[in-house]
Amino acid sequence: NAGVTQTPKFQVLKTGQSMTLQCAQDMNHNSMYWYRQDPGMGLRLIYYSASEGTTDKGEVPNGYNVSRLNKREFSLRLESAAPSQTSVYFCASSEPTDATNEKLFFGSGTQLSVL
Amino acid sequence: DAKTTQPNSMESNEEEPVHLPCNHSTISGTDYIHWYRQLPSQGPEYVIHGLTSNVNNRMASLAIAEDRKSSTLILHRATLRDAAVYYCILRPLWAGNNRKLIWGLGTSLAVNP
Chain A
218 NAGVTQTPKF QVLKTGQSMT LQCAQDMNHN SMYWYRQDPG MGLRLIYYSA
268 SEGTTDKGEV PNGYNVSRLN KREFSLRLES AAPSQTSVYF CASSEPTDAT
318 NEKLFFGSGT QLSVL
Chain B
99 DAKTTQPNSM ESNEEEPVHL PCNHSTISGT DYIHWYRQLP SQGPEYVIHG
149 LTSNVNNRMA SLAIAEDRKS STLILHRATL RDAAVYYCIL RPLWAGNNRK
199 LIWGLGTSLA VNP
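Protein chains in written order, with this note's numbering: chain A, 218 to 332; chain B, 99 to 211.
Check each hint, because a few of them may be wrong.
Heads up, simulated BS3-like pairs for lysine-lysine below, C-alpha to C-alpha not over 25 Å straight-line [to be verified]: (1) B:K101 with A:K274; (2) A:K320 with A:K226; (3) A:K320 with B:K198; (4) B:K198 with B:K167; (5) A:K226 with A:K288; (6) A:K231 with A:K288; (7) B:K198 with A:K288; (8) A:K288 with A:K274; (9) A:K320 with B:K101; (10) A:K288 with A:K320; (11) A:K320 with B:K167; (12) B:K167 with B:K101; (13) B:K198 with A:K274; (14) B:K198 with B:K101; (15) A:K274 with A:K320.
Treat the hints as calculated values from the structure; they're not laboratory data.
Just chain A, with the same shape it has in the complex (with noise of 0.2 Å):
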């Protein structure tokens, strides 16, 4: 199983370019999340989606849009990039059947850098 994948693993942008990040999971997840992973902080939640059709902001949402296509499909817009949005992002999938045993399942990362 492919898990978690991710597109594009490096980006560079110049301010003001717009670009999706792409995320698929493969496990019938039925939630999904995006995060941010800077230098020095913890992984902070941008937007997550708790099962198809659904989604809502999370800790950093300013600056991002998000669209739940499908079960399987989370993706990350940034209309208009910033400098402040460098940071390596990170989706994440999971399946809340059961609240004792539910585990996060991580893609490998997109590094983004704005200039």
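Take the given structure of chain A and dock chain B to it, following the hints.
Only chain B this time, still in chain A's reference frame:
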């Protein structure tokens, strides 16, 4: 939301046991203790979790203090591949999913050959 405190870094020798501590003095009765680790240039991966009793799996053991204010992740025989950042996180039982997880900076474990 309850938070955890971990040492910034630890060092171990290959094939020796490693005890990674975590303090969570404000833990509530329904918070699960989860551990994840992040290998270099990879996303975090699940290691183990527990509520009150000690837990074992193929990767590690989790020892939970009787008052639940602290826990210890135990790697029985460290390998070079275990060099990673280890995160201790509280997962509220009531949360419908993982949106309430608070990720700190974790403990960076170095393993010497």
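Results of checking the hints against the structure:
{"no.": "1", "hint": "B:K101 with A:K274", "in the structure": "holds (21 Å)"}
{"no.": "2", "hint": "A:K320 with A:K226", "in the structure": "holds (23 Å)"}
{"no.": "3", "hint": "A:K320 with B:K198", "in the structure": "holds (13 Å)"}
{"no.": "4", "hint": "B:K198 with B:K167", "in the structure": "holds (19 Å)"}
{"no.": "5", "hint": "A:K226 with A:K288", "in the structure": "holds (22 Å)"}
{"no.": "6", "hint": "A:K231 with A:K288", "in the structure": "violated (32 Å)"}
{"no.": "7", "hint": "B:K198 with A:K288", "in the structure": "holds (21 Å)"}
{"no.": "8", "hint": "A:K288 with A:K274", "in the structure": "holds (18 Å)"}
{"no.": "9", "hint": "A:K320 with B:K101", "in the structure": "holds (19 Å)"}
{"no.": "10", "hint": "A:K288 with A:K320", "in the structure": "holds (17 Å)"}
{"no.": "11", "hint": "A:K320 with B:K167", "in the structure": "holds (22 Å)"}
{"no.": "12", "hint": "B:K167 with B:K101", "in the structure": "holds (11 Å)"}
{"no.": "13", "hint": "B:K198 with A:K274", "in the structure": "holds (12 Å)"}
{"no.": "14", "hint": "B:K198 with B:K101", "in the structure": "holds (11 Å)"}
{"no.": "15", "hint": "A:K274 with A:K320", "in the structure": "holds (20 Å)"}
When held up to the earlier numbered hints, the structure conflicts with hint 6 and nothing else.
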